[in-house]
Amino acid sequence: MNQSKALHQRIEKALNDDQLRRNFRSAMDGIRARRAEQFPDDAQLQALRDQTRSIRADSLARQAELLEKLEARLTENGIQVHWAETPEQANALVFGILEAEGADSVVKGKSMVSEETELNHYLETRGIEVIESDLGEYIIQMAHEPPSHIVAPAIHKNRVEVAELFRDHHPEQPYTEDIDELTGTARTVLREKFANADAGISGVNFAVAETGTLCLVENEGNGRLSTTAPRIHIAITGIEKVVDRLADIPPLLDILTKSATGQPITTYFNMISGPRQPGEKDGPQQVHLVLLDNGRSRIALDDELLDTLRCIRCGACMNHCPVYVHVGGHAYGTVYPGPIGIVLEPQRLGLDQVGSLTSACSLCGACGEVCPVKIPLPKLINRLRAEAVTARGEEGKMRGPGSLRKPREVMAWKLWKIFYASPLLHRLFTRTATRLRWLMPGRIAPWTDYRTAPRLARRSLAERARQEGFERE
Amino acid sequence: MPRPDTIYFFGTCVIDLVYPDAGIAGMQLLRRAGVRVIYPDAQTCCGQPAFNSGYREEALAVARAQLACFPQDYPVVVPSGSCAGMIKHHWPELFAGQPDEALARDIAQRTYELTEFLVDVLDLQLHDSGAPTTVAIHTSCSARREMGVADRIEALLAQLANVEVLEPAHATECCGFGGTFSLKQPEISGAMAIAKSKALQATGACRVISQDCGCLMNLSGTMEKQGQDLPTQHIAEFLMERTDGVSK
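Line by line, the protein sequences are chains A and B. Here the first sequence is numbered in numbering that gives the first Met the number 0, starting from 0 and rising by one per residue. Here the second sequence is numbered in numbering that gives the first Met the number 0, starting from 0 and rising by one per residue.
Extracted from the complex, chain B is given alone in its bound form:
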């Protein structure tokens, strides 16, 4: 697509309440790249939590409340693979046969995960100004499989000369978050989160970077409980920190 002047930023409910720094960093990256960023005030949640729990009516009601947020034909950029995946791939299914199906489909087809947008649409060029460091990537399952954008975070990090990326064992395996899965099957979810945390720790990396705050909330909480002190960070914050001289 041609480079757009303006985008809508869909911040996601987890970032809104728990990780606003990640959201701000994402918007700053876009703004710095010369894109006008609109944060629609009325946005709340894509509806994914209820949709994945089988409560489709509730999911539809909440998803429907987002439709008015994106009236112009601007791309919708989402700093999360799973929320982007919900809009792009599951809204068409959720809205099927509804009077506003066409609008939902229109929004779905112009929705991008943040790293996907930075690489594919903006062709973002980065200059690393940070000290040498190592990171391990945890790519969310939705970014990897639903959105198919796992290599975008790798492409962005590859531009950072002083950042070495270390691969954890079982890199493609789920971290165990899965939204309400973590509450419905806490024992399995916990076992998966502990295994993932250990694999990330074993890389010896200084930090864990992901494009999804759901995974980060799960992993940071697990590592803290386990007494592991491996920091986690959203890719947008990490990129800002490496290229702007602003550290947390």
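Extracted from the complex, chain A is given alone in its bound form:
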């Protein structure tokens, strides 16, 4: 099946699921309101966005240098650094570390990069038990589903759906729809996993070059347990997450938590700067960092598309997206959904694979308005649309240029150009169209599947302006 048809099928499935749509509508309404409460002063918000945009842009401009510095400092701190160009390499590195240490059970904190590499599947097929410890991730792991949101992975499920999952997977526990009791069940199960796991795997929100510090933002304490209780901690992240200075972190953290969940600060903020030192009573014996490229270096080759990499994964763009709120994250069919997904995934995977995602956007601009690091998302979506239909596709920066160029569409735009680039032909066209308006069909699919057809005026504005005595030129 071609990608466009598959996308339409996923969208139709989502739109026909009333429960799913109610879940997203109410979740997004709540999260939007909470974010808005955190930014009562627009001038302050804009100043903060400018600051965090600069920090991220500067980090990307100096990325090679900062990554070298990061590796040097991390190594000094006793953290082992590994580089992966592809998802396969990243997975193999993680497995290699576990295998060498005889580790066969893992607790995981939330990591979207591990979703990119499909790490869980890779490890499970090699005999390693992987338990997601973030509550949302734990829920979708039970449901065997991918995340539908980058911050709130199980946001598509309501309380009852979650209760049913717990009933099916933990029949020993009494059935309940009470959120605190459900959380209690998860806590009971996960505590034992934390205590006994050989290794913890986590993501990274920011990697600080000057101090060699890995920052991890979370709310449940599962991140702290995953990175401290097991004897091995493996962090995995994208190479774009590096920033230079520790002083860069407060503004980034501030805008991240407010933009993401509408919290002034999260319950936990972990700064990991090394394994357990002699004389210390806790902490992992080994800390590893796997830095993944996976197409990021190629994105960085283009001055405009580079902005994509400023992303700090807050999810505000999807929270405010009118398409996302109607169809949810799974309809996109990619690891990253919503506006950032529309921009990132075709660059990561190729326009020939997922370029039709760029059509799932009305260019309303809501995403660009809330992005904490001012990624011009609508502009980038428009750019990718142009790349997808270009006639002069050069394989290079972008994979699959021109792959969505369709002869019928090309013809339609050429015809449009002929009639709208020539004032003379345009006048002929509008005169004819208005006079023959009774010929206009009442059904123009797909427009009229949801609407009545527009009715052409008896006379065009140009003719009316003349009749009303307005000056022409």
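If you are wondering where the hints come from, they were derived from the structure by calculation, not from laboratory data. Note that the structure is a prediction, hence the values are computed from the model and not measured. Mixed in with the good hints, there may be bad ones.
Claimed, not checked - Computed beta-carbon distance windows for the label pairs:
id	chain 1	residue 1	chain 2	residue 2	range
1	A	P445	B	Q97	50 to 58 Å
2	A	D177	B	A168	23 to 31 Å
3	B	V164	A	K405	42 to 50 Å
4	B	M0	A	R158	41 to 49 Å
5	A	R158	B	H169	17 to 25 Å
6	B	E166	A	N218	28 to 36 Å
What the hints assert, rightly or not - Keeping only pairs whose Cα atoms sit at most 25 Å apart, straight-line, the calculated PhoX-like set for lysine-lysine is:
id	chain 1	residue 1	chain 2	residue 2
7	B	K197	B	K224
8	A	K12	B	K224
9	A	K4	B	K197
10	A	K416	A	K378
11	A	K416	A	K405
12	A	K396	A	K378
Glycine included, C-beta positions come from ideal geometry on N, C-alpha and C.
Starting from the known structure of chain A, arrange chain B on it as the hints suggest.
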């Protein structure tokens, strides 16, 4: 800017063919305010439909055909947030590196959305002569975010003593039109249009007013198909009707 004597009116392709009454009302408002209004005959379209669909060469060719329409240094007034936004914000990008870039930029910087021009430049004063009524505003995404003029339509309606403005739920959310988005993703577009129509209906307002005819075409068509009989109207027509005694 000082109050100009003369302006160019860029009517937009949707208004030209489907909503000429809105265009005429806009020009009459300007003329009544003492401004000389020129409607350049050679105008066709700002190029936005092709630009937003990725067909930049075609967009450039059509946009370029407009450049000769505005030879004098008069402001260009556009009765649509999205077409004004295309000229003001996307022409500089579209014409970048082209021989006529400077001309495109010159036109871009003197382009105004109609309500923006009426409020900011003309400081238009209105006297309501209509019967008490209620309206719901649907502000287009381009007027709100690209042009940043969402409050101008509110300011104009606030001058009408007998008009009560009712706010729909999710007021800032897109109506689902999005130009060719409505054809490429008809199911999502339709879902968004239906949700917006219901929110507007739920206000209980007598009419929906907008500064963009693209949104109005989408919303009126959706409401008609849904069997909702909520009239929609461009702000220019509504203002003329309320202040001139001329009703449709």
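The hints, checked one at a time:
1. A:P445 x B:Q97: 50 to 58 Å: Distance hint for P445 (chain A), Q97 (chain B) is violated at roughly 35 Å.
2. A:D177 x B:A168: 23 to 31 Å: This hint holds: roughly 30 Å between Cβ atoms.
3. B:V164 x A:K405: 42 to 50 Å: About 44 Å separates the Cβ atoms of V164 (chain B) and K405 (chain A), which means 42 to 50 Å holds.
4. B:M0 x A:R158: 41 to 49 Å: At 57 Å between Cβs, range violated.
5. A:R158 x B:H169: 17 to 25 Å: Cβ of R158 (chain A) to Cβ of H169 (chain B): about 24 Å, so the range 17 to 25 Å holds.
6. B:E166 x A:N218: 28 to 36 Å: Holds - the Cβ-Cβ distance for E166 (chain B) and N218 (chain A), about 33 Å, lies within 28 to 36 Å.
7. B:K197 x B:K224: 13 Å, holds
8. A:K12 x B:K224: It holds: about 23 Å lies between the C-alpha atoms, which stays within 25 Å.
9. A:K4 x B:K197: Judged against 25 Å, a Cα distance of about 29 Å means the pair is violated.
10. A:K416 x A:K378: 22 Å, holds
11. A:K416 x A:K405: 17 Å, holds
12. A:K396 x A:K378: 18 Å, holds
Hint compliance for this structure: hints 1, 4, 9 are not met, and every other hint is.
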